[in-house]
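*Asks:* Note that the protein sequences, when read in sequence, are chains R and H. According to our numbering, the first sequence is numbered sequentially starting from 1. According to our numbering, the second sequence is numbered sequentially starting from 1.
What the hints contain is simulated information worked out from the structure, not anything from laboratory work.
Straight line, CA to CA, 27 Å or less: simulated DSSO-like cross-link-like pairs of lysine-lysine:
hint : chain 1 : residue 1 : chain 2 : residue 2
1    : H       : Lys-97    : R       : Lys-260
2    : R       : Lys-153   : R       : Lys-302
3    : R       : Lys-101   : R       : Lys-153
4    : R       : Lys-260   : H       : Lys-160
5    : R       : Lys-61    : H       : Lys-160
6    : R       : Lys-62    : H       : Lys-160
Going by beta-carbon spacing under 8 Å, a handful of chain R positions derived as facing chain H:
hint : residue
7    : Val-63
8    : Gly-66
9    : Thr-75
10   : Ser-78
11   : Leu-175
12   : Arg-265
13   : Trp-266
14   : Ser-267
15   : Arg-272
16   : Phe-278
17   : Arg-284
None of these values were measured; they are calculated from a predicted model. Quick reminder that beta carbons are idealized off the backbone N, C-alpha and C, glycines included.
Here's the letter readout for the chains.
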Amino acid sequence: MPMNPRQLHKESEVTDQKFFHERRKLVKAAVAVGLLPAGTAYAKAIELNRALSTTDQVAEKKVATGYNNFYEFGTDKSDPAKNSGSFRARPWSLTVDGEAKITGTFDLDDLLAKVDIEDRIYRLRCVEAWSMVLPWRGFELAGLLTRFKPTSKAKYVVFETLYDPKQMPGQRYRLLDWPYREGLRIDEAMHPLAFMATGIYGEDLPAQNGAPLRLVVPWKYGFKSIKSIVRISFVERMPATTWALMAPNEYGFYANVNPKVDHPRWSQASERVLGAGFSVFGNRRDTEMFNGYEEQVASLYKGMDLRRNY
Amino acid sequence: MLRWILWFLPLLVPAWLVWRAFSPDFAGDPVEYWLFETGRWALYFLLAVLAYRPLVYHTGWKKLMPYRRIVGVWVFFFASLHMLVYLLLELGLDLVKFLDEVTSRFYLVIGITAWLMLLALALTSNRRAMLKLGKRWKTLHKLVYLLGLLATWHFFLSVKADVREPLVYMGAWVLLMSWRSWQDRKGKTNAKNTVASVDDERSRQCGKRVLVE
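All chains should be modelled from the sequences, with the hints used to inform the complete structure.
*Replies:* Right, dumping it as structure tokens:
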């Protein structure tokens, strides 16, 4: 029984809690009488992680699934939704390699069977100075990574997107250095906020949002939240990442949201909030340090010059 | 009568852009959409102005000539809308921020310079200015060629990675400029069906003499 997406918008604690408990009872009963397959994620009720979720207004689903930067499907914001018809999210395998005790290629569903799925409402801030508040569904990245037992040599985690021009027509042009690659320092990857999403608005991720598995790092610019992941590598040296290769003076490895460090071509001091209604002055809001997650992540960067390490 | 219709026809475009952004299937960012579309329309009409000479030369459609001025003013209209969307919707009418941005970001320096040139051309796009400026009017309005470069360059610098569309416009500008220099070299500026001779004829019809190249 998919969760009613509207429930995510309600801030009333009491109603939500009651709904979750009712639904859990209902789902348990449905599984017991064989109405729902026991192996699915729904067998365990999916809850909203309130502690790590924002109470900002969630973006309209049509905007979140219709306005996307996913150059693998084309460079217009509406291209990913339009051009992802050939994309298949299953069967999907994830390869894990590098400095870890357990490596190999795994079927995604096998991996997902062993994770705790929950909902989180995160702010996403694009480097282009727009943002959305999105209700992700997935699991904590740390939970997955620790299963592979990374060694002490694993200082960074690298993620790689699918490369298949047949499914992703935008990859026929060498606009970016395919496959898309992104990375995190190991402590960033193990941070509780680092999230792997498999769903959004209570449903499976649509292709344009990075199906079937994508990273969500809410305190960094959106291009760090790599989509349609096929490989995770544990490495010793800081990896080269796609946008940093494309324009090294504009995009860096850390890419922490920072209103004090401008992009060479535009200011990062403010952003336009999308999907939350229209206002003549463009829904402009001041950008917050670390996208409002300063309290949770600032300690990761103690003593670092964030202007140099942009 | 037709002239009056053509003067007001471009107003349909912003009306359509607003309607489009508020239609239920629009899933984007209205501000970004309006910013890019107003910029594009300014470019379309700018390239149209630059294409006038080749078009009239190759087709002999001298009847098109009186409308070149209108098309030129449309360029100013859309460029101004473009700037207004930026100032009002992007910057929330923060004039201090606006002045800071347009003087410190290179592609915006180019943009504001282009707009100021367009302002000069728009203000002098009437008969009185033509008379007052005489020979200098023609020189001033030759700025339209430089504008083609500035506008396409501004667009090129503003995109994140996909430079294909700006390159198409730059290519069009190069083509039109090449045609012009090819024409000048061939010394055909005094032929009967050139823009210059048409201007001459028209000013004679209006009873006023205007110096042309």
